[in-house]
Amino acid sequence: MTCPVSRRAPPPRSRPSVPRSTSRRAGRTSRSGGAASGRCSRGSRRRWAMELELTHVEGLDAPVCAGGIPRGSVVLLAGAPGTMKSSLGFAALFNNALRGRKGLYISLEQGRESLVHHMKGLGMDPEGTRGNLSILDLGALRARIQEARGPAWLDLFKMYTQTLRTTFPYEFLVLDSLNALEILAKFERPRREVFELFKWLRGLGVTCFVISELPPESEANGGDYRTSPDHREDYLADGIIHLKLAKRGDFGTQRQVRVVKLRGRRHSTDYHALVFDHGFRVTRILG
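Just so you know, we're using the working numbering here: the sequence shown kicks off at -19 and counts up by one.
Hints may be right or wrong, so weigh each one.
Distance windows between CB atoms, simulated [to be verified]:
| # | residue 1 | residue 2 | range |
| --- | --- | --- | --- |
| 1 | Gly229 | Thr263 | 43 to 51 Å |
| 2 | Leu216 | Thr143 | 36 to 44 Å |
| 3 | Leu78 | Thr263 | 16 to 24 Å |
| 4 | Leu266 | Gly183 | 37 to 45 Å |
| 5 | Asp105 | Glu168 | 35 to 43 Å |
| 6 | Gly229 | Glu38 | 19 to 27 Å |
| 7 | Asp214 | Thr263 | 22 to 30 Å |
| 8 | Lys179 | Thr143 | 17 to 25 Å |
| 9 | Gly259 | Pro131 | 18 to 26 Å |
| 10 | Lys166 | Arg145 | 20 to 28 Å |
| 11 | Gly47 | Gly259 | 32 to 40 Å |
| 12 | Ala120 | Leu216 | 24 to 32 Å |
| 13 | Lys179 | Ala120 | 23 to 31 Å |
| 14 | Pro43 | His258 | 19 to 27 Å |
Below, simulated DSSO-like cross-link-like pairs (lysine-lysine); rule was C-alpha separation at most 30 Å, straight line [as the list claims (entries may be wrong)]:
| # | residue 1 | residue 2 |
| --- | --- | --- |
| 15 | Lys227 | Lys166 |
| 16 | Lys227 | Lys100 |
| 17 | Lys82 | Lys100 |
| 18 | Lys166 | Lys100 |
| 19 | Lys179 | Lys166 |
| 20 | Lys227 | Lys179 |
I should point out that these hints are in silico values taken from the structure, not numbers from a laboratory.
The beta carbon of each residue, even a glycine, is placed where N, CA and C say it ideally should be.
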């Protein structure tokens, strides 16, 4: 490679035999290829792998998730009815929408009007996000295409989800819920089909939160999601956030949350209190 010494070299005939143009090409090669470029490429991959998304829920991103959720992950929000899974997923979209990041909420059961009314009651009005939060009511679509069932319905779901991204480039997605999709699409080989679904979701290049409904009796067993006989999607997801209602004293209950799994993060595995008071907060359990 040409260096400062070469500028003080003798006349051309005493220079090294390597042609000047070749020396320049070699210089370019050393900067853009070879071992050096390999190190840069690996460094770029490491930086990409460490890119984190925030829910902006106080106490959840840090310290519980050790800084955030790896971008492009598929994360299950799992829990029994009444544990505020949908509300927490919506909050992640809403908080990011207020910061200019687009999010899509796909509802397969609750109608759009009902969902908006419910979220407004919690202080999360989609109209206040300047168009950064969109709700896709596939429940209404389902009523119009009753004849589409099984694989055909799953294809329609994918088509709507992917096509919308061309006009509304969302970065976050909530699917509510996996259970409803399994029924509508009539999964015959659930483990394989959930695997393919999660693979497809990752291919969208967005961070996904997938609502997973656990049976009410799971609360009777301490709210442990593993007591459900049907939790095959657990190992297929990149992350699992479990929500439960824990008994407090003789009559009280407390919503609690635990990050069961989050690939790439050294997260807490303890249960924490999930508090809603003008927004969600995650705090240590006292007493």
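>> Could you work out which of the previously given hints the structure breaks and list their numbers from low to high?
In response: Checked against the structure, the hints that fail are numbers 1, 2, 9, 11, 15, 18 and 20, while the rest are satisfied.
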